[in-house]
Structures are given as C-alpha cells and as structure tokens.
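Given the structure of chain A, go ahead and fit chain B onto it with the hints provided.
2 protein chains.
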Amino acid sequence: MGELNVSQSMQQHVKQARDASLAMANIDTSQKNKILHDLAETLRENSDEILVENAKDMTIANKMLERGELTYSACKRVMLNQVKIDQMAQNCESVAALPDPAGKTVKATRLDNGLDLHCVSCPIGVIMVIFESRPDVVVQISALALKSGNAVILKGGKEAQNSNRVLAGLIRKTLAKSDSVPENAIILVETRDEVTELVKIGSGIDLIIPRGSNELVRHIQENARAPVLGHGDGICHVYLHEDADKEKSLDVALDAKLDYPAVCNALETLLVHHKYPDSWLANILLKMQDSGVELRVCPETKKRLESYPDLNLSAAADIDWETEYVDLILSIKTVKSAEEAVEHISQFGSKHTEAIVTENSDLAEWFMNTVDAAGVFWNASTRFADGFRYGLGAEVVVSTGKTHARGPVGLEGLVIYKYKLYGNGHVAGSYGKGKKDFIHQDIKL
Amino acid sequence: MGELNVSQSMQQHVKQARDASLAMANIDTSQKNKILHDLAETLRENSDEILVENAKDMTIANKMLERGELTYSACKRVMLNQVKIDQMAQNCESVAALPDPAGKTVKATRLDNGLDLHCVSCPIGVIMVIFESRPDVVVQISALALKSGNAVILKGGKEAQNSNRVLAGLIRKTLAKSDSVPENAIILVETRDEVTELVKIGSGIDLIIPRGSNELVRHIQENARAPVLGHGDGICHVYLHEDADKEKSLDVALDAKLDYPAVCNALETLLVHHKYPDSWLANILLKMQDSGVELRVCPETKKRLESYPDLNLSAAADIDWETEYVDLILSIKTVKSAEEAVEHISQFGSKHTEAIVTENSDLAEWFMNTVDAAGVFWNASTRFADGFRYGLGAEVVVSTGKTHARGPVGLEGLVIYKYKLYGNGHVAGSYGKGKKDFIHQDIKL
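Chains as they are written, first to last, in the numbering used here: chain A, 1 to 445; chain B, 1 to 445.
Bound conformation, chain A alone (with noise of 0.2 Å):
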C-alpha cells in the first residue's frame, strides 16, 4: 500500500480519534484525574527536552522577528521556559481538582413504574481545535479535553511547531501509559492543508473551536461542516446614559479602553447620551487623550466639545463603527436616546459584551433584555467578560454564536446530553389512547 494522501490521512485521524473517543465514554473521573497528575509530572521530569525543542522555535522565530514576519509579541508567546512550563503542569493540577462536567444527571422523569428516563451529560466526541502561537495551548486544551472525556484534534501555529509536537508528544506518551484513555485521544496535526481537508469532513468531528485572528475564525465559520464555536470581531460598546454616574462613567468607560487595549473585550465605540453632561464627556476623553487614545468624533460630538479646544478630535468615517480597533483609538458617538444606542450596537455590535451606565434600574433592566450579547452589563467595565473572572475554573473560548454555549465557555461547553431509558421489557404500543397513560414524574436527583 501507498502513501496515503492528506484527505486520506485525514480521515484516518478522525476515524482515530473516533475510536478513542468512544474509548474514553466509560472511564470515571478518578481515572481522568490519575492522568492530569501523571501528566504534570511528566511535564515536568521532561522540562529539558521541552526547552530544546522550544530552542529550536525560537531560533526561527528569532530570525522571524528580525525580517519583520513575526511581531514581538507573537515571537514572546512562542517562548517557554522553566516557570512557563511549570504553569502548564500546575493547570494540569488546576482541571484535575475542577468537577467534572460529563456523567452528571440533569433531569430524571418516570415515564411509569420500571420505565425511568434519565438525561445524563456526556463529551461531545471528537473537538478539533485551531489555535496560533502559544504551544502552552496545546497542553491547556488537551487536559480540558481529557477532563471532558473528549478526543481533540490539535492545530497549533507552525512558528511553535517543534514545541508544540514534543508536547503533543509527551501527552501521548502519558495516555498511551494510561491504560484507560488511547494516546489517540489527542492528535496533532501541523499544516494548513491537513485542516482544509479536516475542516471539510462531514462528519466525525462534532465542534471545531478556532482562537486565533478574526481571519482564521471567519475562514472556519465559512468552510466548516460541523459547528463552530468562537468569536470573530469583539466591538464591544459602553454607553452613557443622560443621568450616569460621573465618577462611574469615567471609572467604567477608561478601563475599558485602557486595562487592555489589545484583546476582543476591550471598549470601541462609545454611545453618549446628548444630555450627558458634556464637561464631564470632555473630562473622560480628555483623560483618554493623556493616555494616548486617539478619539474619533461623529459631528454631534465634535460640535458638543467646541469648547474643550484641548481635545484633539477626528471625524469618524462610517467604517469606524464597524471597526475593531484593538488598539489605543475610540470611536466616540452622541445618540439622543437608549433606544437609538441600542440600535446601533444592534447594528454595529459583535454579540460580544455590551455595557450601559446609568442610575436607573428599570432602562438597566431594558438595555440588559434587549440587547443581543453574550455579556451585557451595568455599571461595569466590559473587561470582566472573560472566563477567570466569571469563575467559570477554565475558558476553553469565547463565543459569540447563538446556540450551545454563550460568551467565556467554560467545561460545560465541552459536553452535552443523552438520553438513558431504563425499561424492563416496555413498549410503546402499550400506551395511547383506550390505554395506558404515561406518569410523567419528576425523580428527584
């Protein structure tokens, strides 16, 4: 027999890590929690060989870095070292001590006496996920994986490419020591030809989870056959409302654009009330200034601001509400009510987090229910929607779709449900009209 080709090579991962999925259906937690531990321990006994394969990355991206492939801060998240490498067995630890979210009843009902429905959550089967950059990823995403009794496929970035297959290695190494979970659990996969061909197979694998550029999740979004779970765009908004708090529109509305500038969460486009005080308007974007914020005027506000020559202000262009700046720039917009705010977040948001200042609790309550985002806040800075500070123990992504899972996704959007009938011999025809009736009790859990 031949070389099998990427297609083909392809379809034997999948067929891989379908096997072992159904490998791992009956192992319990303790058994899970076993090989987190053993895993750590490895990781750490094998540090050396992990900072020579790293070495080797970071040669190349070295270079990457003088040619101007590569950014600074790219090139950083390839580096590991002795600390980075005890983080990784210490977050093996951390999911190890988290609950685990499959074999959990979710609701039992009689449907009559000895015919008891149960429905039970259980690992999805098989998660590819995409990911760039960091190899730490790879040891982070496997051990969620293996506390959700998932398989996963592995694409990492090919600037880590050596880190990421000594890590894929040794967590092969661990498993296949296991004797409960198949190394092919977890599969690595290094080119951008093998995730084509992966991400156009119908079925076999049940959720592809991409965290990586806007580029690589619309690229996925628009070529996947099974469901996607991630987020493109993060243009998040805060809006002040006529009667906000002055203290806490500037607390919420500066660290939102300034705690971190570079990530989906942060502040783009601020929606100010045309009677919110324009002294106090000038004062926060002024404070904006001073930390290096370029702002972004539409003509109501720049004509509101006249007298505040201080402030430098631009004329936003229509692409600026629709842009993700990631970066030190705000869009700065007057609307003159919540309704017309709510519109345009409608309009112009990214479903991620979206966040009203004001004093009144029932137009909170209304901008909370109406709007259309995974967070929607009141009197807080978007940059808490993140899946540490929700206390969700792990973030496996952030989503912005609509279905199955919700903003920072946690292990609980790693499983789903079956349904478990315990019968002793029913049939349907037995019930119906002229004969039996269904019970249809709750079983308290």
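The reader is advised that the hints may include incorrect statements.
Copies of the same chain look alike in the list, so a pair counts if it fits in one copy or across any two.
To be verified - In silico DSS-like links for lysine-lysine, alpha-carbon gap of 27 Å or less:
#1 Lys56 to Lys76
#2 Lys177 to Lys444
#3 Lys173 to Lys303
#4 Lys177 to Lys15
#5 Lys436 to Lys246
#6 Lys433 to Lys84
#7 Lys336 to Lys15
#8 Lys84 to Lys435
#9 Lys287 to Lys433
Calculated from the structure, these hints are not laboratory results.
The following block gives chain B in isolation, referenced to the frame of chain A:
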C-alpha cells in the same frame, strides 16, 4: 424605487424578524400567554375562512394525487377540518400552559461585593423553520416561537400554500392587535428560491430547523451558514445480547419495528449475539414475517436459522446496513460480542436511538455510555424516543446533532443564555496580583 429582487426581499425579511426579536426581548410570560389564548380564539372564530383556503389546497392536492405526484398520506396531511382547527387552538392553549423557558436565572455568582453575575436564559433570536405538507405546523411552531420569545421565519410545503397563508395571516393579525409583539415576529416565505437565499445569509438568522425529508435536511445542513438543528436518517438498532430475556427481546423488537414503521425512531437493523438462542430468534422473525416484514439477513444469521424453513430470508447486501427503510423491511445481523454490536452501530447508526436487551446491568450501562446516540435504551423499545413520551410538553424537532440540543427537543432548545453583570462602577483593573481578589461565591437562587 423598483421591486426588490428575491435576495433583497429576504434580507429585508431577516431585518424585520430581527427587529421583532429585539422588541420581544422585554415581554413577560403573561403577555405571551395572553397572545396565545387570543390566537386560539382567532383560529376558532375564523374556521370558515381557514376551511375555504384549505379546500383550494385540497382541490390541487387531489389532482396531484390522481396524477401520482403526491402520495395519499401526504395528501391527507394537507387536509384540515373543524376537529383539526380545534386541535390547533388547543395546541396554543397547551403551549401557554407550559413554563416559560426564557428569563430563568440558571446560575448566579458574586464576583465581588456589589458585583453580581447572573447567567439568564433568553431567546435565541431569529429562527427559520422549514417543513412540509401539514399546515397545522404553522400554528404549532409559531406558538412555540412566541412562548420562547423568538421571531420565526416559516417555510411550508407548497401543497398547503393557501392554508399556510391564511394561518400565518391570522397569527400576524393577532400579533398586530397585541401591542407587545410586532407582527413580523412571524414571517411566512413560500418558495424554494426564498429558502435558498435565506440559507445563504451569514448573519441575522440564528438557527435553522429543517423538519422533513432526509434530502431537505441534508441540503440545508450542507448549505446553511447558521447552525442547523434536525435529523437526517434514523437508522435505529436493537441489540439482543446472549443473556437477553425471551419475552423482553420479543416485545422490544416487535414494537420497535411494527408500532409505526414509517418514522425515524423505528427499528431498521436487529443485531443478535451468536449465542442468543436460535429458536427465540426464529420466533421473533416468524412474528415479524407474519406481520408482513421482509427479512434480510447476514450469512451467519442465514446459517443459524437453516432449520426454520418457514422463515423467508433473503441475503442482506452491504447497502442494507446503511439504509433507513421506514418500511416493513428489517435487516438482521449476528455479532460475536456486544463490542461488535457497538462497532456496527458506530459505523452505521445515525446517532438517533439505540437499544440493548440484556439482563446484565453492567453491560447495559457500558452500552449506554459507549454508544454515541441521542437515546440509549435498556430493555425498552426505540419508539419511546419522542418529545411527548419523554414528557417534554412540546417537541420542536428531533436532533441527531452533538451540540446545543439532542434527541427530542422541547422549548428549552429554543433558548440560550446571556450573562448579566450588575456592578456599581466596578473596573477590571482593580483586581489581580497585589490588588483585590475575586470572591466567586455562588448566589443561592
């Protein structure tokens, strides 16, 4: 301005539905229920008009039946009468009586003093439902969409075009009178071209639910940009283990095949352990044969039943294992072990419903955990896989997907959740190393 083309007018429909969905985000349960009761009354009051329009469809349907373009059962499904109209009205009242799936706080966490995170169930947004023949689905789906707070775009079968139109019109009239839900919460489209355009739209439609033939479902799954909830084939298996009880195996197998062969939860392939008594198997198959079932067997099964000349056994071809007969045909395969049964199901099953008959509870648990299907049954007929039988109150669709909702999907499948964060000017920059810690305390609901 000239006429809109199909693509433009579908974009407009999606915009109208989306605007309606935003307006629906703030209506409460009592408002929804009032509209459902009003709708029931409207349907009863307008029975004559409904029957007149339905008669037009029936005239065409009967001609199509004569020309062989429509089956008798499809033709029958188009027909409405006073009883059916009354059932539609009652259906609205039943949906009003169901608990509201939206607005429930699923989980609440205190992140810090004065900073509370609530995970709250909410409508998905805009849903498109595609169905065939039965015009009463217009009312059924509209009622479920309304109760869950979603706007819905409906496409029915062209056989029931006039009936669908009058029903959708009455629903929209009821909404228009309501002052709380815009009439565009229910939009009816009528042609395949319109569906083709809608399916291609990348944003605006949040979920597509195809209910109908395998071809329809597969076409939608392959072309849709939005998530799809539904099922194609229903290839269900019953596995008789060597220790299965005689009566239970007979009852379960016969009911699974014969109770209603034309539906997706009917038995298609019987898997039998090689040590399961041949005489019992012969008895089951004779009863199947007496009920008009054609029997297609693997060579091993043929051999073990040689001494039962009354059995009319044809040889199963490879294609039989992957065929949903939805007819009086059964394929039978002898397996060496429960593992082989599970492997067969893994290869040919459609993730719908799979049953094992055994007296061994450990084996049953292993089977139910390992088999990847929405329903995994022990000593019970596959025919129980149904929203009504499960006690869900309403069935939106049966899903064989692996994310969001699985198996018979009730109202819960039409909601997702959003995170509401209640703060008091809180900013993310206050937390972290050397600063404040999060509390992450569960708030009791």
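Comparing the hints with the structure gives:
1. For the identical chains of this complex, Lys56 and Lys76 are intra-copy neighbours only, at 14 Å inside a copy versus 71 Å across copies, given an alpha-carbon limit of 27 Å.
2. For the homomeric pair Lys177 and Lys444, neither the shortest alpha-carbon distance inside one copy (40 Å) nor that between copies (43 Å) is at most 27 Å.
3. For a Cα distance limit of 27 Å, the shortest separation of Lys173 from Lys303 qualifies neither inside one copy, at 66 Å, nor across copies, at 45 Å.
4. Within a single copy, Lys177 and Lys15 get their C-alpha atoms as close as 21 Å, which meets the 27 Å cut-off; across copies the closest is 56 Å, which misses it.
5. Taking CA atoms no more than 27 Å apart as the test, Lys436 paired with Lys246 passes between copies only; the shortest distance there is 23 Å, against 67 Å inside one copy.
6. For the homomeric pair Lys433 and Lys84, the shortest alpha-carbon distance between copies (17 Å) is at most 27 Å, but the shortest distance inside one copy (66 Å) is not.
7. Taking CA atoms no more than 27 Å apart as the test, Lys336 paired with Lys15 passes between copies only; the shortest distance there is 22 Å, against 57 Å inside one copy.
8. Taking identical chains as interchangeable, the C-alpha atoms of Lys84 and Lys435 lie at most 27 Å apart only when they sit on different chains, with a minimum of 23 Å there against 66 Å within one chain.
9. Only between protomers do Lys287 and Lys433 lie at most 27 Å apart by alpha-carbon distance; the minimum there is 25 Å, versus 73 Å within a single protomer.
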